[in-house]
Amino acid sequence: MPPSPGSRIPEKPVLEGLEDKWQPIWEERGLFRFDRSKTREEVFSIDTPPPTVSGRLHPGHMFSYTHTDLIARYQRMRGKEVFYPMGWDDNGLNVERRVQLMTGTIVDPSLPYDPDFVPPSKAPKRPIPISRPNFLELCERVVPELEAEYHQLWSRLGLSVDWSLTYTTIGSHATRISQIAFLGMVKRDLAYRAAAPTLWDVDMKTAVAQAELEDREVPSDYRRIVFQGPEGAQLLVDTTRPELLPACVALVAHPDDARYQHLFGEQALTPLFGVSVPIVSHELGDPEKGSGLAMICTFGDTTDVIWWRELALPLRALVQRDGTLRPVNWGTPGFESDDPTTAQKTYDTISGRSTKQARGLMIELLEAAGKLVGEPRPITHAVKFWENGNRPLEIVTSNQWFIRYPEREQLLKRGKELNWYPDFMRVRYENWVNGLIGDWNITRQRFFGVPFPVWYPIDLEGEVDFLSPILATDDMLPVDPTTTAPPGFDESARNQPNGFAADPDVMDTWATSSLSPQIVCGWSTDPDLFGRTFPMDLRPQAHEIIRTWLFSTVVRAHYEFDSLPWANAAISGFVVDPDRKKLSKSAANAADDPMTMLATYGVDGVRYWAAQGRPGIDMVFDEGQLKIGRRLATKLLNASKFALSLSDGAKGQPIVALDRALLVGLAALVEEATSSLDRFDYARAIERTEAFFWPFCDDYLELVKGRAYGAEGDEGTESARATLAIAIKTIVQLFAPFLPYVTEEVWSWFQEGSVHRSAFPGADEIRSRIRDADDFELLVTAGQVLSAIRKVKTAAQVSMKAEVASVHVVGPAAALAGLESVEGDFRNAGVITGAITFSAGDELQVEAILA
RNA sequence: GGGCCCUUAGCUCAGUCCGGCUAGAGCGCUUCCCUGACACGGAAGAGGCCACUGGUUCAAGUCCAGUAGGGCCCACCA
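Residue numbers for the first sequence follow our numbering, beginning at -13 and rising by one.
Accuracy of the hints is not assured; some may be wrong.
Said to hold, decoys possible - Within a straight-line C-alpha distance of at most 25 Å, the following computed DMTMM-like cross-link-like pairs (lysine to aspartate or glutamate) qualify:
no., residue 1, residue 2
1, Lys370, Glu449
2, Lys342, Asp287
3, Lys66, Asp667
4, Lys7, Glu133
5, Lys191, Asp201
Claimed, not checked - Across the chosen pairs, the derived CB separations fall in these ranges:
no., residue 1, residue 2, range
6, Glu135, Pro205, 31 to 41 Å
7, Glu296, Glu252, 30 to 40 Å
8, Tyr178, Pro313, 46 to 56 Å
Honestly, the hints are just simulated from the structure, not real lab data. Just so you know, even glycine gets a beta-carbon here, dropped at the ideal spot from N, CA and C.
Please work from the sequences and hints to get the whole structure.
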């Protein structure tokens, strides 16, 4: 028997302080602790996105993470044991860059470890070069600080995460899982090492994956270069990259291009370098572009790579990893020339220069030699950048680890198996799958990341064989090959002839993130947990990383388990500013600082705002919505207080027609909220609940409060009290996933335990209290009558408690029959002292005369 | 170049799947009311060629075709 609420309801309930009151209690009681005795059928498991801890916190973080929590709290109330871990993505280039900026350091792998190194308190202008081990130490110190910031925000926001299940993508567990999965794929020949042309960021000096590319429009100039064709003919070739002329390996045109048909199979001579190159045809040649004849260089862009591969052209690579042109001896194999002396003299001018510097010099040289035709023609074209980079990517050839992509059809089939919310997001996945080129390069030439658990043999001459890896054994994992020797070797053989060399690289961050289900569910380490949580129920994430995180996770689960990693993917939208641009991380202002928002509008207010964002739909950041959320929370507090004080110890049954009408609407609401939340459409659920709640306060409460105040034992009074008790309990539960703090507070006034572990209301239970003839319309009509009476008072500019002498209601007979039963409630709510009369008519009309 | 989504009141959005009363809500605005849950409140009101053009239909915000604008994803960038 719950204690009487009267004693527990505060005189003046307020929102302030509810977070500080309840959050520690939830934590202390382990309310969201995962109970691993539950079976897979009883569990709802969530593959939480581990946020990259490198950026400034902004409203978008609260937005999408609230969405997931709404689902988690709902599923928990539906009786599911929710498996809701949280990860930190502290692995990868972004964090590495952040740590470098924060500490004012830069890694120089050639430096020895300095055990006494301490970074200056204020980051210096010029970064201090430090060793790789020193840098890793800094990361280990700084990253937890970054994570603490996020943890503070998440727990304040009321995320019902089980914080004992926290993981990091650089931690030893994630490292071990990444390495086990990697070695397994190598053994099954699903991962392999190869030298290949690779998109390369010359500033960060690392390979960049297709998924991290971004096109940017940049200005450039077309220059028209004169090649010498057969029999001295002049061939005009347009290019934006004249500096790559010495890397030219062929000229190409479309097979149907009449202007060049007679030249296919012939040779041309490059100007200045005198290199003989074939004239070839390929479908990708575009007669509309420039002269229709293009030079193929190794490598200027990804089309060059396609041409080079498909036409089996020779390699004449010049661009180095730092973005400069490497030294070349002209006249030697690979660089044959009709005139090696001129070629060398020309090339020496640009050798060692950056591609940009070389471009200017090459144009001058060509001009001086009379090999340029016409003026530069400025264009703007899309150039590939690393999404966080500053200079265009170059293409260099190096040794990299690749994961083979599954067959396209299989990937598309997985995409169809997955339930997408909203469904149209599947198209993005399919677009990406259909555009895949080559395999997935998972190598990064970085320092802060999961190392490859491999070494390479060194022969007697001291040459490293980078294509014959020595694999770590599973019992060694996690392993850092730069500090541990491979099986069968002693540390003294490191970097020695007939010894070994460590793989110098680390894995791409997605190579680890793609294993998030494996990491959290205990794959290969905790088979019992794995059996209770995998395949997971839900992957919530943003649409921008469908092509990366979602896609790569599907690939890994496909290989490892021949299944999907989860049944459902809920894709949230972005928070955008009023210009429809993604809310910029740099445009910081007080209004969109998360902690300020939470303090100003309360957590429940902020969560209300977030819940407006429907799955997959971007939402404009609007401070007004936060105010509304706060208002709703306050209203819930006050209305609950009132309803509970009236219904204290209610023992009767809802027998009055108006009361039963309310329950009809309530049951329908519960049904709609349930089906919406089952579809991850939390926005609709709260919208419907709110649309029920306000008229409940304004009309129903006003109508019945007089009756509920009545004498104990009176049937009408008992009916109103019983109905209020049912209604307020149900409403509080429906709001609970959205407004966890205020609902928990109200719940504590009249119930034991937490609302967040209570059973979500069922429509059938409510319907068991009503009869078929009951109709919600009665309440709607009664509300209209009440509204009409208020209108008269408003028009007369008098108080709502002004007395009404008489009321005459005209309306359809069916409506009137019910309304007559509400007469007493009208009297109380409308302050009607005189007669209330009814007469039949077509439309509802109300005439009220003030006293 | 291909694709997806969006366009409804000054603002932010429901309603479109499955066509059906006079197109809804909140914010903002105007006027009024301190009534015994709430003034961090309440009441009432003004405000809309549902982007445009055609079609289907007894009936179109809703279905079909096209156009324009915005956003995003993808693409071979000489």
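Here is what the structure says about each hint:
For the given pair, Lys370 sits about 34 Å from Glu449 by alpha-carbon distance, which is inconsistent with the 25 Å threshold. Of the pairs offered as hints, the one joining Lys342 and Asp287 holds, with about 15 Å between alpha carbons and a cut-off of 25 Å not exceeded. For the suggested pair Lys66 and Asp667, the alpha carbons sit about 18 Å apart, so the restraint of at most 25 Å is met. Among the hinted pairs, Lys7 with Glu133 is consistent with the structure: their alpha-carbon atoms are about 24 Å apart, no more than 25 Å.
Taken as a hint, the Lys191 and Asp201 pair is honoured in the structure, with Cα atoms around 19 Å apart against an allowance of 25 Å. Between Glu135 and Pro205 the beta carbon distance is about 40 Å. The supplied range of 31 to 41 Å therefore holds. Separated by about 20 Å at the C-beta atoms, Glu296 and Glu252 break the suggested range of 30 to 40 Å. A C-beta distance of roughly 31 Å is found between Tyr178 and Pro313, which places it outside the suggested range of 46 to 56 Å.
Hint check: violations occur at hints 1, 7 and 8; the rest are consistent with the structure.
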